[in-house]
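Enquirer: Quick note, the sequence shown lines up with residues 1 to 882 if you use UniProt numbering.
Since the hints were derived computationally from the structure, they do not count as laboratory data. Small disclaimer: the values here were computed from a predicted structure and weren't measured. Mixed in with the good hints there might be a few duds.
Said to hold, decoys possible - Label-pair distances were calculated between CB atoms; the ranges are: (1) T862 - S709: 13 to 21 Å; (2) N587 - K11: 39 to 47 Å; (3) N536 - Y448: 35 to 43 Å.
Every residue gets a Cβ at the ideal spot worked out from N, C-alpha and C, and that includes glycine.
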Amino acid sequence: MFKFLINKRYKKIEEYQIIVKQIKNIQKDIEKLSNNDLKEQTKKLRNKLLYKQNLNLLLPEAFATALEATKRILKLTLFDVQVIGGIVLHKGKIAEMKTGEGKTIVSILPAYLNALAKKGVHIVTVNDYLAKRDSEWVGKVHKFLGLTVGLIQENMIYSIRKLNYSNDITYVTNSELGFDYLKDNMAIDHHEIVQRPFFYAIVDEVDSILIDEARTPLIISGPSETSTHKYKIANEIAKQLKKHTDYEVDEKERRITLTDTGIINCESKLKTNNLYDLNNPWAQFILNALKSKNLFLKDQHYIVRDNLIIIVDEFTGRIMNGRRWSDGLHQAIEAKENVTIQKENQILASITYQNLFLLYKKLSGMTGTAKTEEAEFDKIYNLEVIDIPTNKMCIRKDMPDLVYKNEYAKWEAISRECFDMNQLGRPTLVGTTNIEKSELLANMLTAYKLNYNLLNAKPENIIREAEIIAQAGKKYALTIATNMAGRGTDIILGGNASAITKLLLNKKIKSMLYNINETDNLSYRNNISIIINNYNDHIKKMQIFKEVSIEELDNYIDKIIYTNKQLNNDENIIKKLFINIFKEYDNEFQKEREEVIQLGGLHVIGTERHESRRIDNQLRGRGGRQGDPGSSRFFLSLEDNLLRIFGGEKIANLMQNLQIDENTPIESTILSKSLDNAQKKVEAYFYDTRKQLFDYDEVINNQRQAIYSERKRILEAYFMRDCIIEYAENTIDELLIFYSMQKSKKHQYKIMCQIHKLLNLGQSFDTKEYSLLNLEELKNFLYEQLHVTYDLREAYLEQLKPGLIRKLEKYYLLQQIDKGWQEHLEKMTILRESIGWRSYGQQDPLIEYKNEAFSLFISMTTYIRQTVVYLSMRARLIINTK
Numbered sequence: 001m002f003k004f005l006i007n008k009r010y011k012k013i014e015e016y017q018i019i020v021k022q023i024k025n026i027q028k029d030i031e032k033l034s035n036n037d038l039k040e041q042t043k044k045l046r047n048k049l050l051y052k053q054n055l056n057l058l059l060p061e062a063f064a065t066a067l068e069a070t071k072r073i074l075k076l077t078l079f080d081v082q083v084i085g086g087i088v089l090h091k092g093k094i095a096e097m098k099t100g101e102g103k104t105i106v107s108i109l110p111a112y113l114n115a116l117a118k119k120g121v122h123i124v125t126v127n128d129y130l131a132k133r134d135s136e137w138v139g140k141v142h143k144f145l146g147l148t149v150g151l152i153q154e155n156m157i158y159s160i161r162k163l164n165y166s167n168d169i170t171y172v173t174n175s176e177l178g179f180d181y182l183k184d185n186m187a188i189d190h191h192e193i194v195q196r197p198f199f200y201a202i203v204d205e206v207d208s209i210l211i212d213e214a215r216t217p218l219i220i221s222g223p224s225e226t227s228t229h230k231y232k233i234a235n236e237i238a239k240q241l242k243k244h245t246d247y248e249v250d251e252k253e254r255r256i257t258l259t260d261t262g263i264i265n266c267e268s269k270l271k272t273n274n275l276y277d278l279n280n281p282w283a284q285f286i287l288n289a290l291k292s293k294n295l296f297l298k299d300q301h302y303i304v305r306d307n308l309i310i311i312v313d314e315f316t317g318r319i320m321n322g323r324r325w326s327d328g329l330h331q332a333i334e335a336k337e338n339v340t341i342q343k344e345n346q347i348l349a350s351i352t353y354q355n356l357f358l359l360y361k362k363l364s365g366m367t368g369t370a371k372t373e374e375a376e377f378d379k380i381y382n383l384e385v386i387d388i389p390t391n392k393m394c395i396r397k398d399m400p401d402l403v404y405k406n407e408y409a410k411w412e413a414i415s416r417e418c419f420d421m422n423q424l425g426r427p428t429l430v431g432t433t434n435i436e437k438s439e440l441l442a443n444m445l446t447a448y449k450l451n452y453n454l455l456n457a458k459p460e461n462i463i464r465e466a467e468i469i470a471q472a473g474k475k476y477a478l479t480i481a482t483n484m485a486g487r488g489t490d491i492i493l494g495g496n497a498s499a500i501t502k503l504l505l506n507k508k509i510k511s512m513l514y515n516i517n518e519t520d521n522l523s524y525r526n527n528i529s530i531i532i533n534n535y536n537d538h539i540k541k542m543q544i545f546k547e548v549s550i551e552e553l554d555n556y557i558d559k560i561i562y563t564n565k566q567l568n569n570d571e572n573i574i575k576k577l578f579i580n581i582f583k584e585y586d587n588e589f590q591k592e593r594e595e596v597i598q599l600g601g602l603h604v605i606g607t608e609r610h611e612s613r614r615i616d617n618q619l620r621g622r623g624g625r626q627g628d629p630g631s632s633r634f635f636l637s638l639e640d641n642l643l644r645i646f647g648g649e650k651i652a653n654l655m656q657n658l659q660i661d662e663n664t665p666i667e668s669t670i671l672s673k674s675l676d677n678a679q680k681k682v683e684a685y686f687y688d689t690r691k692q693l694f695d696y697d698e699v700i701n702n703q704r705q706a707i708y709s710e711r712k713r714i715l716e717a718y719f720m721r722d723c724i725i726e727y728a729e730n731t732i733d734e735l736l737i738f739y740s741m742q743k744s745k746k747h748q749y750k751i752m753c754q755i756h757k758l759l760n761l762g763q764s765f766d767t768k769e770y771s772l773l774n775l776e777e778l779k780n781f782l783y784e785q786l787h788v789t790y791d792l793r794e795a796y797l798e799q800l801k802p803g804l805i806r807k808l809e810k811y812y813l814l815q816q817i818d819k820g821w822q823e824h825l826e827k828m829t830i831l832r833e834s835i836g837w838r839s840y841g842q843q844d845p846l847i848e849y850k851n852e853a854f855s856l857f858i859s860m861t862t863y864i865r866q867t868v869v870y871l872s873m874r875a876r877l878i879i880n881t882k
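Can you build the whole structure from these sequences, using the hints too?
Expert: Given below as structure tokens:
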């Protein structure tokens, strides 16, 4: 019985513990089953589900089955707390599990149970690497149990995507999931739709995806015809403008405001009378140029590579290929860095992560840090956060922050701390907030003659990510990493024997068979070299690698190492080589692990407090995994962004009054608490930003669902004649309402001409005669003429080419819905940007936005209906005789 069960906080955990006992009792019986009988459990459970048994009733037996399969396939036995985590995920909640507690393995249990329903389970990760790794490693358990496992990766063609989404369990990144959803709702043929209706999702690093990523919507865009020359001119003007004189920078809001002097200067340089002229707008170009100059910095927010501006994810430190900032900001940065300016984009489709994930019937997530955002998860996603206790008590020492007067003194102190730890032999991890700072520290450590590994968003460093993290827990290891969120790898004290063995084997095979010699920074002893040399001749003679490309080599070696299937002679040699090298490393690393534990474990150094406490906690959480010792310390300065923008003056005054010199830090628990409060303010600010984005997108989301539902109905149908007729009759009704409201005969005549033209009624009718009919007679007459005209149009086209009219109907409907929706999104963007000014007139911008949005939506649907009817009534076939 766990001690935490007596605490009221864990009342739910106590309830789940009862279920864990049931699972364990069932597992005792399942342990006796043969492999074939264990595989048959899936069919047995699915049959039970058919007899009206819901998934909750199947939970104990399904979890017991998955536990036993995990034990046999991955050689892993899950702890009770991990099983509780699985129950929490199945219940549609967030499981907060600390770093190193095995979240990836936990997902096996709820994924297996929910996959029995055959509706598709999505396991959503933050990057392609984790999705691929988990699908291949964890996916083996599901495949053993007879489930199908899919993987979605960047640049996959749609037919492969469709196949992977049709599997029982699909591993996918959040961005690919969102873009596929939008693309499905832009498809012009139902065969192009790749996704099924959303059923159940397990979101890994749920705080990163549902909180951090939720600040900006997913957008699919296409190039517009806007010229790019204005960006260059605006960039040249921005260089000449002076801060505080021509413009003000609000770093907290990340906003630039032109002063009156700045506006006059800009108008003078551009030789224009109005910077905000709607026919020749310049203001947005100038503001974006100033943003790129002051708020978006190279090697921090982006890198320049191959004549491209590539965004760096501020939360994970990874580069985001293919992603662009919107509203002309990306083009402004391209102008600043003097690279090719790409055309501005027009929004074709968009959705926020909030509304994307709310489409699931059941949503769950797991992370090491969710409690700080508990309120947001509850209010927006209706997700409860359950704190899962660690299997072993965390004994990491989190020391109070050290605050220095200036940044240089801080970096000097960090360098000395790294040197001291290195002298002791303790592995040290230094977390930096951007590339520039990581390289600054690297240069300082070089001056101290220290060996270190650098992990940041630069491609040459990303390539070595697995190798760097695999060795980060070794004695004397010193690792500098830009943001550790979403790395997906634990730092094991003494070193990761399995990961290093695989890397070494990979490099040796590349060197021998593909003549590729990569830089070898792996540590290995002479006897490992002897083992490899003994196998050299065998490897050189191998035929199997001739059919395997370099890109597929990693996967192929993984399959050889971890498979339980029969191997051929060549594959057996590779597996034996892996086992022999692994044994050597494992023996060495186990001894080293004990030494590192005696030294105090991994020491984590934070170089700056992040805007969110979660990111700091993720960094701290790299130390002290699974009951290991460890420590953490944050080094700060008054020049750090957080302190400078959010209340550093009080601390600065305190240091001034106490006459503290530049090299003497303040260390105080009270100070750390005040920094926590500053972070809470920032978190509250960003929550308001996300909430506002959600509230505004909620308006357009209802419209989106209406449009997408109509699109889906059209795509799935073959016979769309009734839809066209319905559109036409609705259009007649709308125009007749306007007709009845007109008192002037002249205006009535104009409306009848419009109906006449819209329905393509030809010259046989005199519109003046319509005035002799009452409204009901007129309506029935027009309905009749509509049906006759459309029948004639249909007969004419069917005679020329059978089935053509059906294709044209669907084409016109989809084409005009897409065109109307894209124009509507553009108008909504403009409305969203300008609606805030109405607050000056004592009006609520959100209510005004809802009212205006409704009017725009009605206008769009009217436009779509009328255009579809107009085109359909004029459809004809032109035969090219050339």
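Enquirer: Taking the hints in turn, state whether each one holds.
Expert: Checked hints:
Taken as a hint, the range 13 to 21 Å holds for the pair T862 and S709, whose Cβ atoms sit roughly 18 Å apart. The beta-carbon spacing between N587 and K11, approximately 46 Å, falls within the hinted interval of 39 to 47 Å. Checked against the given bound of 35 to 43 Å, the beta carbons of N536 and Y448, roughly 39 Å apart, stay inside it.
Taken one by one, the earlier hints all hold for this structure without exception.
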